[in-house]
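Participant: Could you slot chain H onto chain G? The hints should help.
2 protein chains.
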Amino acid sequence: MSFSLRNPYSIYYLTAMKTKSFLLCLLLAISANAQIVYHDASAFPLLGKATETTLTRYERLPDSLRNISRKPLWELGRNSAGLAVRFRSNSTRIAAKWEVLLNRNMNHMTPTGIKGLDLYCLQDGKWLFAGSGRPQGKVNEATIVKDMLPKEREYLLFLSLYDGVTSLSIGIDSLSQISGPATELPVRKKPVVFYGTSILQGGCASRSGMAHTNILERWLNRECINLGFSGNALLDLEIAHVMAGVDASVFVLDFVPNASVEQIKERAGAFYSIIRSKHPDTPVLFVEEPIFTHSRFNRTVAREVKDKNETLQAVFRSLKKRGEKNIYLLSSEDIIGHDGEATVDGVHFTDLGFMRYAKVLYPVLKKRMKD
Amino acid sequence: MSFSLRNPYSIYYLTAMKTKSFLLCLLLAISANAQIVYHDASAFPLLGKATETTLTRYERLPDSLRNISRKPLWELGRNSAGLAVRFRSNSTRIAAKWEVLLNRNMNHMTPTGIKGLDLYCLQDGKWLFAGSGRPQGKVNEATIVKDMLPKEREYLLFLSLYDGVTSLSIGIDSLSQISGPATELPVRKKPVVFYGTSILQGGCASRSGMAHTNILERWLNRECINLGFSGNALLDLEIAHVMAGVDASVFVLDFVPNASVEQIKERAGAFYSIIRSKHPDTPVLFVEEPIFTHSRFNRTVAREVKDKNETLQAVFRSLKKRGEKNIYLLSSEDIIGHDGEATVDGVHFTDLGFMRYAKVLYPVLKKRMKD
Chain G
1 MSFSLRNPYS IYYLTAMKTK SFLLCLLLAI SANAQIVYHD ASAFPLLGKA TETTLTRYER
61 LPDSLRNISR KPLWELGRNS AGLAVRFRSN STRIAAKWEV LLNRNMNHMT PTGIKGLDLY
121 CLQDGKWLFA GSGRPQGKVN EATIVKDMLP KEREYLLFLS LYDGVTSLSI GIDSLSQISG
181 PATELPVRKK PVVFYGTSIL QGGCASRSGM AHTNILERWL NRECINLGFS GNALLDLEIA
241 HVMAGVDASV FVLDFVPNAS VEQIKERAGA FYSIIRSKHP DTPVLFVEEP IFTHSRFNRT
301 VAREVKDKNE TLQAVFRSLK KRGEKNIYLL SSEDIIGHDG EATVDGVHFT DLGFMRYAKV
361 LYPVLKKRMK D
Chain H
1 MSFSLRNPYS IYYLTAMKTK SFLLCLLLAI SANAQIVYHD ASAFPLLGKA TETTLTRYER
61 LPDSLRNISR KPLWELGRNS AGLAVRFRSN STRIAAKWEV LLNRNMNHMT PTGIKGLDLY
121 CLQDGKWLFA GSGRPQGKVN EATIVKDMLP KEREYLLFLS LYDGVTSLSI GIDSLSQISG
181 PATELPVRKK PVVFYGTSIL QGGCASRSGM AHTNILERWL NRECINLGFS GNALLDLEIA
241 HVMAGVDASV FVLDFVPNAS VEQIKERAGA FYSIIRSKHP DTPVLFVEEP IFTHSRFNRT
301 VAREVKDKNE TLQAVFRSLK KRGEKNIYLL SSEDIIGHDG EATVDGVHFT DLGFMRYAKV
361 LYPVLKKRMK D
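Protein chains in written order, with UniProt numbering: chain G, 1 to 371; chain H, 1 to 371.
Hints in this document: simulated from the structure, not taken from any laboratory.
Take these hints with a grain of salt, some might be off.
Heads up, the list lumps identical chains together, so a pair's fine if it works in one copy or across two of them.
As the list claims (entries may be wrong) - Listed next, the in silico BS3-like pairs over lysine-lysine satisfying Cα-Cα at most 30 Å (straight line):
no. : residue 1 : residue 2
1   : 151       : 306
2   : 306       : 126
3   : 359       : 370
4   : 126       : 359
One chain only, chain G, in its complex shape (with noise of 0.2 Å):
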């Protein structure tokens, strides 16, 4: 790995740049020709992570959950929902080799967004898509945006959602740099929390930038850390304690589709106090259930959409009864629009649900972030 600045390729495009276009076909026709180099990108932060992990560096739980955790949950935090690599470059092409833990398939999910990348680029102050890194297979090598201007850029590359990530190098024109990234942003001081099922894990975002903390992360420009797992919200309260492990902004409680009724009367009142002991005046953020999309047809999900939404309201209420502070509930009204179009089968988002959903999301967590 190299981060040298002694490359003479740096004084020549500060240089060249007064001379744009022809320095354009010129290093584009230089670049074409360069060869591309990997950097393991263990060298560089990492965002989304809400606690140490031993195994690899792109899991979600500690090892020491491990033996303590149902084994599918502790499985689900291998998958590298919400994780996020920092760097910058001014090479005119990014690519990525990575190595994913099970390569998953689903039938109502993209590969992009189960096992691959997605690259944003910092501009002005907002991150911009550049690319999305397709899988192959297990071993995966991709170009995932080429032909840039070399100037140094920022950037933030979302990990697989729905798989593990054991291995992540970066590729880059051998003549440019890599390197950590120039400003903290997304700030990483006060991440937002998020705990919840298989759609707050990314199900189904085409690419994992689409998945709504990934699209948070970037509008806040604030570390969104996404404990998300699939078909596993079921209020374990070992993960409350993960959480409350973090000196979050704001905490994000969204189980609804997944717990029970029974568990959410026996325990998000337990799950809720381990956060709020150890962060007495952090916001907590409570979601109801959405509105899935069939259960306008499907008498049975739109029984059970309101029953648990109720049970979620009574929780609420009497935690608000026994006095309890800064706690707020989102109600599932607005959360995917009203025209039935926002999932791939009635439940899980698509780019369009997770974009309606963030839309709702961002004025409430932006007005509850007091730092």
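Facilitator: Here is chain H on its own, set in the frame of chain G:
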């Protein structure tokens, strides 16, 4: 197959509607126990075909082109993009059995979009998503929606976008009925005919109903014909002849992402003239290439988009100059928004992109559809 109206269920249904909630429980219990009976979909109207086909019902190009068209183009004609089966039923659940031609997989599109089914139901004149048929492989069976009240509903079942459908049966409760539609919605007179690329074919909608031609079919309540051929909208003139065979309300020509500058110069005028010679007054809408979201970074793509759109504009001006009437040019500027988030890979639209594109096209088509 049975279209019997003698089924005692329908009498029972009419009487019992008066005690609705009791009925709900009872009928859901009955339906849960009832067997699913499958009915071959060939008995029901099929929307979205420009021409008769002979090999299978669910394809888009006539057998006569098999030895005339380029092989990849003809093969893509066997993908069932834009085709939809129209029926009604009072079943509490709708299931399907279907077999696909290729069992294709792509890493940037869901299997549900590639080779699944997508069901919409008419309510108060609007088509609402009811459920998707998620595929398992070449031979598929899925319950698409269940636990409904047993009332008569009108359905529109969109077929696979990127695979062929070689057989299709619709499953209903054994005690219920299925038949052809009671109303001609979407209206089948004077359909809108679209010609285009992979994007037009529906790449990469999460489910087939989210391809923009299918969204527009619902919003306009007018049959739409999808002649999208992934990577192969190269202005092959036999496709213009197929289009000219349809008494359309509007022809949409959306080929720029595939055709080269040379092909546009050489053939766009001829392609147009074949349609125009048969339909002297029908509006023809030319569509510019979308500003692909990664063209902010990729200078080669940015230049290509600019060059191709300038070429299309020049063709359009020359048609105007020679006195052609009822031709329109849609600027690509607002097609997929300006946040860069509408695609999975910079090029192919997600449901978010298709929804945005449909919103741009809807008023344009609405204005041009005279009848």
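Participant: Checking against the hints above, which ones are violated?
Facilitator: none
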